[in-house]
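J.: Take a look at the letters that make up each chain.
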Amino acid sequence: MTLLAVERMKLFTTRSPWWCTVAALAVTIGFAALMAGTADAQAPLTVAATQFGYNFGLVVVMVMAGLAITTEYRFSTMRATFLAVPNRWSALLAKTAVVAVLAGIVGEIAAFGSWGIGKLIKPGVDLTLNTAYEWRAVAGVGLVYAVAAVVAVAVGVLVRHSAGAISLVLIYNLLVEGLIVLIPNVGPKIHKWLPFNMAHQFVTGNPDPTGRDVNFGPPLSDATLGPWAALAYFAGFAAVLLVIALAVANRRDA
Amino acid sequence: MTALLATERIKLFTTRSPWWSMIMTLGITVGLAGMVALTHAGDRPLTVEHSQFGSQFGLMIITVMAALAVTTEYRFATIRTTFQAVPNRTSILLAKTAVVTGLAVVVGEITAFGSWAVAKLIDGGPELSIRDSGDLRMVAGVGLVYGVAAVMAVAVGILVRQSAGAISILLIWPLLAENLVGLIPRVGDDLRNWMPYVNAGRFLNGVDPEMPLSAWGALAYFAGVAAVLLGTALVVANRRDA
Amino acid sequence: MIEAVGLTKRYGKTLAVDNLSFTVPTGRVTGFLGPNGAGKSTTMRMILGLDTPSGGSALIDGKRYRDLHQPLRTVGALLDAKWVHPNRSARAHLAWMAKSNRLPAKRVDEVLDIVGLSAVAGKRAGGFSLGMSQRLGIAAALLGDPQVLLFDEPVNGLDPEGILWIRKFMHRLADEGRTVFVSSHLLSEMALTAQELVVIGRGKLISQSSTEDFVSQATENTVRVRSPQLGALRTALGRTGVSIRDEGESLIVSGMDCADIGELAAQTGTVLHELSPQRGSLEEAFMQLTGDSVEYHTEIAEGQVPATLVPAGK
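Chains as they are written, first to last, in our numbering: chain P, 1 to 254; chain A, 1001 to 1242; chain S, 2001 to 2314.
Simulated from the structure, these hints should not be mistaken for lab results.
Don't take every hint at face value.
Simulated restraints on C-beta separations [said to hold, decoys possible]: (1) S:Met2001 to P:Trp89: 27 to 35 Å; (2) P:Ala229 to A:Gly1231: 22 to 30 Å; (3) A:Gly1224 to P:Leu4: 48 to 56 Å; (4) S:Lys2123 to A:Thr1081: 24 to 32 Å.
DSSO-like cross-link-like pairs, simulated, lysine-lysine; straight-line CA separation at most 30 Å [as the list claims (entries may be wrong)]: (5) S:Lys2082 to A:Lys1011; (6) A:Lys1011 to P:Lys192; (7) S:Lys2106 to S:Lys2123; (8) S:Lys2106 to S:Lys2082; (9) S:Lys2013 to S:Lys2123; (10) S:Lys2082 to S:Lys2063; (11) S:Lys2013 to A:Lys1011; (12) S:Lys2082 to S:Lys2123; (13) S:Lys2106 to S:Lys2168; (14) A:Lys1011 to P:Lys189; (15) S:Lys2063 to S:Lys2123; (16) S:Lys2013 to S:Lys2168.
We treat Cβ as the ideally placed atom computed from N, Cα and C, and that holds for glycine.
Isolated chain P (complex conformation) (with noise of 0.2 Å):
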């Protein structure tokens, strides 16, 4: 616990934490308001196309938290903080922690701040939370947000370097994935098993009965786990690459 105190001393004591919860927040929230207020008969309001900023988000906050970790490393506080802590996996995990706990946050705000912002410009719209899948969309963003955050940490622990690591974690998020599926054949098999597609498939999948148009909202995922398994395949994924990570680290000289 005391560890935990630390790191989130350490977080909000610098600046692009709060930066980029500012950043992600009034991106979702703003696309949200432009969503609900453009909204006809031929581009419904629905609680999918509330979360339409979720991605966006998910980004700005995989990149806030690879910077918690390879700032450490830069400036080599990380060095001190071995010092202080050394425990190295004591003093990641915590780390870990604090940081997946503030991205877990800022999804919750993001989704229900993007979610209450359309019933609000919209008060004639139904956006009551009524299904499971209604639930998941928006109440799923924060769930998400945090384990892409251990992925980003883990990436940064192994990077080490702020442009390696941010680079690395969004040309795979944004680009990779979706290229893969476009390789003829073996590229939808493999993009089944991709782990943001499983994320996604958490958010939006199985069974969405919006019917709402592909682009009405997060991408829709091809992933065929059922919601609850593919979050818990991507949270393995996010295990398996900070273990890994930390392992690293703590055979790494510091």
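Given chain P, work out where chains A and S should sit, using these hints.
T.: Below, chains A and S alone, put in the same frame as chain P:
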């Protein structure tokens, strides 16, 4: 100016990130083309467009490389050494832009023709021949797009000065923001048609009757945005304390 | 007590620290001396569990650093004053460190007071001068009121006032009975600060002794003699078996003091224009000892480098 170009060439190639970027761009882009050619099956023949499958991936790496070429100078304060050696900031920054752009064009051409050659070698389908100006643009145009993207990245790098911030903006903008804009009801499509990277894609992938600009018009627009951005960056760099 | 036994660190083919064994006794200031690149920082990082030794071990009071519970209460260290997030305030930097070892929050203000940074505690550390950063680093080292303190090149780059402050501070820590291990590439600095010396070159131990012994052993006392009859004097001195070497127009005699040389000159009827005792400088002694082990030689011959030109450490 030749001396300045040589200066920036030496600076660029005596650090590691351009080498990394080049190898990654070449390896992954050409590798993806080979993979597509290998896994391809069915009745629809492989086209020139298929061979350029990984070009967007290369584009992102080149963007990161170009941004780092500037932001690392700020990070290690070598930009101050540079301005000390060459007080005319506009000319030295233009020289840097030129060198980075030149490298981006060369890497773009090599990856594009390399990808095409690998696909052709593996598959050899008739649709893979470069037969008209559209096909040629699709391959040879990659270098031009990489070049303009490098200018864009250098400009953003000068403005932002921090690697993390510049890279985040430069990756999130084309990969996510431009797509999100298109999804806004009613106005989205019109806005999207004027997004710079959308126009770059249009230049490569040919005529789309929905789009307001011709293929070369689209490239000119993309280049125009980059030029405006670079102009702004140079003005800012001149006025700012180094 | 800090104990290094067969400590070795290999980076690829380079042997940065080579089978190094020494002890840092309790309650004294021990200087860790060696030219730049001798492996001092690497050794300190191994003692502190940041780098894993390729061989051997380093123990603090019989324990590896990574096995210490709440290590800041046992060991305080300042390896690099820049190991601070530039956007974090000095107080916030100390606050998280204090929290991590369950030290009371008021201790932060105490150490800020000790190093005289209370007035700027809320300012971002990135804006600190080197001297202020160094003070912040020392405040961090003192946080857990540890009995063992390690400092790596603490006076490097400081102005004279800063150097004096650090020097007094070391003495104060030793007077309080703490064990202080401080590295430097400047022997003159160490001669003023340290009671014990561990000297290394190219990762190997050169000597471990008290500063006094090291200095007296290392510096030879010589006498400079000038005379218009240099040839006759050389012959007379040669018969006594002392060692003589020519330096320009004069002779440098070692193994005989001024009085004896004067009497010898009188006996042989030689005119003397100069008869002066020469005290070898500490820097010269240091150069002699570590001369072969300097990693990067300069064009200037050894022994001619003025102390002020000795390049600063990283």
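J.: Identify every previously stated hint that the structure contradicts and give their numbers, smallest first.
T.: Of the numbered hints given earlier, those the structure breaks are 2, 6, 9, 14, 15, 16, listed in rising order.
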